[in-house]
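Following the hints, position chains C and A against chain B.
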Amino acid sequence: MGQKELLKEKHINYVGSLDSKKADLEYWLSEHLRLNGVYWGLTALHLLDSIDTFNKEEVIEFVLSCWDENTGGFAAYPRHDGHLLTTLSGLQILATFDALDRLGSEKEDRLVNFVLCNQKPDGSFQGDSFGEVDTRFVYTALSCLSILNKLTKEVVDPAVEYIARCYNFDGGFGLNPEAESHAAQAFTCIGALAIVGKLDTLTNDQKENIAVWLSERQLPEGGLNGRPSKLPDVCYSWWVLSTLAILGKADWIDFSKLTDFILNCQDPKNGGISDRPDNEVDVFHTVFGIGGLSIMGYPGLKEIDPVYCMPYTVTKKFQRSYAD
Amino acid sequence: MHGIKRKEWTKELLRKKREEERQKILDYQQLTNDVLNSKRERITDKNAFLKTTKLLDINPEFNAVWNYRREIIKTLSLQLDENFWDSELNFTMEKLKVRPKVYWIWNHRLWCLQSYPNSPLKIWLKELAIVSKLLEMDSRNFHGWHYRRFIVKTVESLSGRSLNSDEFEYTTKKINQNISNFSAWFQRTTIIESMLSKDQISDMDSFINNEFEYIKNAIFTDAEDQSVWTYLIWFIKESAMKNIMEPELYSNMVKALIENIVLINDDELSFSGKDNGWCLKTLIVLESIQKEYLKEDIQSKSQEYLDKLITIDPLRKNRYLHQLKNL
Amino acid sequence: MLNSERRPSMAERRPSFFSPGPDGSLQSTSLLVPHLAGIEDPLPETTPEQVDVVIAGTGLIESILSAALAWQGSTVLHIDSNNYYGDTWATMTIDQLKNWTTLVNDKSSETRFYKDAKLYVSGLVSQGKFKSKNFGIDLSPKILFAQSDLLSVLIKSRVHQYLEFQSLSNFHTFENDNFERLTNSKQEIFTNQTLPLMTKRNLMRFIKFVFEWEKNTEVWEPYADQPLASFLVDKFKLEKPQVFELIFSIGMCRNLNTRTPEGLARIRRFLTSFDVYGPFPVLYSKYGGPGELSQGFCRSAAVAGATYKLNHKLVSYDPNSQTAVFEDGSRVRVTEKIVASPTQHPPNSGNIPPQKYEVHRLTCVVEKDCLQWFSEGENAAMVVFPPDSLKTGNTETVQVAILGSGAEVCEPGTSIWYFSTTQEGPRGDLDLDAALEAMIASILRESSEIPDDDELVQINPDGVSLVNSVKLGKSFKELVSKEQINFIMKLYYTQYTSTPPFDVVTPNLFDLNKSDKYMPGASDNGILYTSLPSGEVSYDEAITAAKLLYEKIVGSDDDFFDLDFENDEPDSKNNNKTMGNYDESAIADDDDDDDDIRMMDAEPVEFAGEMEI
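Quick note, the sequences are listed as chains B, C and A, same order.
To convert, note that position 179 of the first sequence is 179 in the numbering used here; the numbers rise steadily by one, no gaps.
To convert, note that position 48 of the second sequence is 48 in the numbering used here; the numbers rise steadily by one, no gaps.
To convert, note that position 433 of the third sequence is 433 in the numbering used here; the numbers rise steadily by one, no gaps.
Just chain B, with the same shape it has in the complex (with noise of 0.2 Å):
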């Protein structure tokens, strides 16, 4: 229906410059987020089927680089500290390139222990020892232990208690117990029970809340917001519908709508995808949003898996459950 296409060569050509961007301030002020950033390039090319635009071995390289001695963990760039969102990415990049083993399993078990150290008595998980908690670190940590067959019913069962703390009434999820519920932590809290294998811990009733809660979020443009009386943006199309996908609802919204409005945040000039129309782009909402026309079957994508957020052809390996 809608008049636009997606613009692939202009996102792998965007994607790939990313880092040729060193004249830019911009480059060096957002080098805290720079393993993050390379994951989300790299699954962007990967649903564009352009993986080579990277170079691997450089890649790898620049991911083992980022390990960090005192933490166990990886760190966003070299001498910056260990902490489980950078972790996630680290392994996610070399899941992607199937160089797991590159890890080492000395560095491997430090890793586990990292993730293992990070969990908290009521099940929950820090980001790193400075105890900052909240649902995006049960995802991250879970979906590290999964890529690398670590899941355990020791690790599993608490945080699946966390998780079930932070529903609300409405049928949203939020960062922690009696906060507000936010599209994002939908997919981190559904998002952890399905890497668990442990969807069937909500109720019928409750999923479909959840889905409710999820479809409200499309606006008349087209677009999702995060929470209630907020302007759409293209991350959302990640966050609600990789979530509805996960419960299955992926068509409680409009698919219509919601490519028109992702395939109207593009640079057509330059390529890269912005939050809403005629903004600047960047890597983190490219990737997602070309993850969520993956997940309504725009042609030409690699089919992605809503849990992980990279594509099957990566996650088929992962561990979904732990053995009894």
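Hints listed in this document are in silico derivations from the structure and should not be mistaken for laboratory results.
It cannot be assumed that every hint is accurate.
[What the hints assert, rightly or not] For lysine-lysine, the following PhoX-like pairs were computed, each having C-alpha atoms within a straight-line distance of at most 20 Å: (1) C:K16 - B:K22; (2) C:K24 - B:K21; (3) C:K24 - B:K269; (4) B:K269 - C:K11.
[What the hints assert, rightly or not] Under 10 Å between C-beta atoms, here's a sample of chain C residues computed to sit facing chain A: (5) T171; (6) N176; (7) Q177; (8) S180; (9) N217; (10) A218; (11) I219; (12) N260; (13) V262; (14) D267.
[To be verified] Sample of chain A residues with no beta-carbon within 10 Å of chain C, all distances over it, derived: (15) T102; (16) G123; (17) Q187; (18) R269; (19) S330.
Backbone N, C-alpha and C define an ideal beta-carbon position, used for all residues, glycine too.
Chains C and A only, in chain B's frame:
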């Protein structure tokens, strides 16, 4: 990037920008290198501390530098008095004013409050005032609301006094300012649940009645606002109040709501020729309460409502079809 | 030349150079502001021999035009025959008003722009209790909507940096001998305890509709030729108090005949202005209204290179040699265009546009601070007397702007009341008097008889119990005050303009003096005349008029204030813009930068001030 308009960079503009930024990049790289090296060498002196200040001034999102800063402060902590902690709090506030949505800064601020000598009640009370001010600037900032909950809990545990009634009034104030502030409505649900569980409501009948009137007022003021409808459904279906009310009173309240919502919807129909989607969605929920919870024998119109919703709200057509099937 | 009785000029009050930025560092305000010739500095020794444009008159429209042209690159000579800035938009002291009144009543002038100026000044001024120069009285008082083209230009041109603005949130409608405060925001509708639920709903529905009324043609088009009142009653089922409030206080329409589309546009103007800078719709400038703004634009023009001369009178213009001659014998060649305010016309002119429309004004300074009428922390309020609310049975509204001493336009303990109406003829003054009477009655009963605001019932000396009022309150017809109100100054005048009442300037207004229509023997052939202030209480006409004139001179208004000061901005600000709110975490980032949906997109809030913690 969020909310930043795309700019056409002509070659000339780009050249100019790069020209201007070249020195800045060199300075930034040098400073970063400097800080990260002394971090690696675990240098924790005042000079290192000042360098982190300089770097965070430029880039307050540099989490590793916040971490390093805390390491330095911890090793120096015996020499630090309240003045230091006050200035550290001021520093984070300066950063928050520029980037009110950066987790790392909120985190550092919280750490400062917890590390403040003896962590006295008065600084937490002051923090409560500050967070109110922040929520005036952006009444939906959920970092702010999240932070507020944490501060309130700390104040409650330090003072041994429940702040529920103050916080309840606070949500009223925020909702009155903006009826679409769902953050405030949401907060109201958690506070009411807490008040109920702690038996803090002395006159339950009038409390429930006031809340009912408040909701009625709100749906008449803005029948398009989903915050209000969501709260209504919480109040009538999800909250513990349902179990407190006499069944007859509860049943009457559901009926009264239905009557008012039908009135609003009819008014909408006569004005625009269209039904109000939120009215219909809510009526379906209320009918299901009558049928399934109250076991009342009613003439259900849910099917008709869902048929209408498919037409007036086609975005969610498949959801309504699903609900029709399950009626 | 320098009048010691004048008010301090903007340059004296606001020396502008460096001011501390949010981080404490010194920031350049980007515009170095030189003193203007004329008042602050002696006149320039020489007049330029040739300029692109000569502008005569420093009224607001001319001043905006001057700044726009100067920034666009034209050389501008901007003169005024008066020894003050502002012309018909000026802000004056009481002494200046005395001179002005004498001048205006001088019947020798060819075209009348004012008539029937009557000035009363209390002996208290000559006795020295009040000082003339402590009062700044506007000849054409105006209020500034927060969402308006003038405000955008003020920000874009950075002229706002020379000015100080204060908010005005109290609008009162006078009805049945009562003042009612507006219920204009969603918050007030929601929390108002007296409005019936259905009324709330109808009001809200209308308010939502009006934000995008143009799009929803199916709703209003059937009423396009009908008065707004019937639209509001028929379509939105609103009742008289709300209808009057919407039409007269929010829409500030002149009478009940206002057509639906015009009325809707005016109501939207108010509502979209609400909450742009805070919970108020309107701003006004401290130290004086349009006079102050005129000065600001003149300063901006001077920064861009315009030459200024006050006390400089145009005596003729020759369109063939393109030469303007001035009273002091100097002359200048004009390469592009000569523009003049009608009031600055040369002797023996023959092309002044007819000034068909009347505005009756009454301005008083009263010895009452009127604080009870202002919102907390504010220094101004608007009062509207809708049609038939006065004992004269008025058919046109009377609008009153009240300014208190906090606006730095009058001495403590006093306030200025500006009445105006577009009722023509002698009835205009009768309506103004009736409005004044109602205001006096109200201020007296509120400021003297009621000892305690909290007391709801009180007994007057006759033993009759009365219901008290809070603030601008209820009717107290029974209560006749013995107290008198002291007037420090009272000025009646009728002003003429070519701009239809409550309308905006239209292009054909400036089409009168085309080069092919020279009047034989006239001294002003080839001069482009500007328009005088209209009866409209807002500044809405100013940019429209200046833009139209600009287009006539430059050929297009594409680069009207097309200024880019971006490069002057401090670096830290730039960083925030590009890097602000970058998402700071990986896959599980919640991306919370979800902006609120607003009913309308607001201008960037540049002077909303730093957050104070």
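Return the numbers of the hints above that this structure violates; sort them in rising order.
Hints 3, 5, 13 and 17 not satisfied by this model.
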